[in-house]
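Using the sequences and the hints given, assemble the complete structure.
Those sequence lines, one after another, are chains A and B. Each residue of the first sequence is one higher than the one before, counting from 1 in this note's numbering. Each residue of the second sequence is one higher than the one before, counting from 1 in this note's numbering.
Be aware that one or more of the hints could be misleading.
For lysine to aspartate or glutamate, the following DMTMM-like pairs were computed, each having C-alpha atoms within a straight-line distance of at most 25 Å [stated by the list, open to error]: (1) Lys-98(B) x Asp-64(A); (2) Lys-98(B) x Asp-87(A); (3) Lys-103(A) x Glu-31(B).
If the Cβ cut is set under 10 Å, some of the chain A residues that face chain B in the computed set are [unchecked claim]: (4) Gln-37; (5) Thr-44; (6) Leu-45; (7) Leu-92; (8) Phe-105; (9) Val-114.
These are calculated hints, taken from the structure and not from any lab test. Every residue, glycine too, gets a C-beta built ideally from N, C-alpha and C.
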Amino acid sequence: SAVISQKPSRDICQRGTSLTIQCQVDSQVTMMFWYRQQPGQSLTLIATANQGSEATYESGFVIDKFPISRPNLTFSTLTVSNMSPEDSSIYLCSVDSVGLGEKLFFGSGTQLSVL
Amino acid sequence: DAKTTQPTSMDCAEGRAANLPCNHSTISGNEYVYWYRQIHSQGPQYIIHGLKNNETNEMASLIITEDRKSSTLILPHATLRDTAVYYCIVLRGANDYKLSFGAGTTVTVRA
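Have a look at this one:
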């Protein structure tokens with residue numbers, strides 16, 4: 001299985017600031033994804049982080065609010081910009097496991113609280 | 001995508017088998033059944049998946065009915081650490097990433 005390290009594990013931020021979340025995988029993976037899980041809710045896919053090109057965003061999510069980097073096959077960052085209390089969520093990095101079987105692996109998540 | 005229906009909650013005695021049902025009556029032929037679980041404040045953990053045959057791994061067994069409209073996840077010997085929310089979802093396989101976990105089943109294992 002892929003080992004995914006996500007940092008920070010939690011943070012408390014002020015309204016209007018930005019937070020960058022890092023995701024490091026212990027092996028090269030083709031596909032990396034960012035999800036959001038609001039309190040008591042299911043996961044929502046934010047975007048697919050594409051290596052060497054712009055991320056692909058899902059409906060309702062835009063690059064200006066959630067810029068994503070993917071400089072190589074083992075690392076990605078998600079920035080939550082100009083935060084508001086509505087951005088308080090768990091943010092999860094995920095990778096597919098093509099070559100290890102057909103399943104997704106998730107990081108431990110970043111619990112974000114915006115005051 | 002096929003939607004799934006799971007019971008809201010379930011209690012299980014430690015050391016006993018936990019059988020978690022899932023209905024996916026609109027599943028199509030190329031969709032897989034996946035099970036994940038999420039322990040409070042952690043990322044989802046993959047458990048098992050299958051297409052039409054029953055599957056077993058070190059964590060659990062997955063029994064899929066012949067018509068594929070329902071399945072059962074079996075935790076053979078539940079422990080307190082198995083207390084979590086269990087999600088049954090259907091995916092089209094390696095290229096389907098828009099996971100919709102639904103509410104899942106909250107499993108509480110009691111000593």
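Going down the list of hints, with the structure as the test:
no.	hint	verdict
1	Lys-98(B) x Asp-64(A)	holds (21 Å)
2	Lys-98(B) x Asp-87(A)	holds (20 Å)
3	Lys-103(A) x Glu-31(B)	holds (13 Å)
4	Gln-37	holds (9 Å)
5	Thr-44	holds (9 Å)
6	Leu-45	holds (5 Å)
7	Leu-92	holds (5 Å)
8	Phe-105	holds (6 Å)
9	Val-114	violated (17 Å)
When held up to the earlier numbered hints, the structure conflicts with hint 9 and nothing else.
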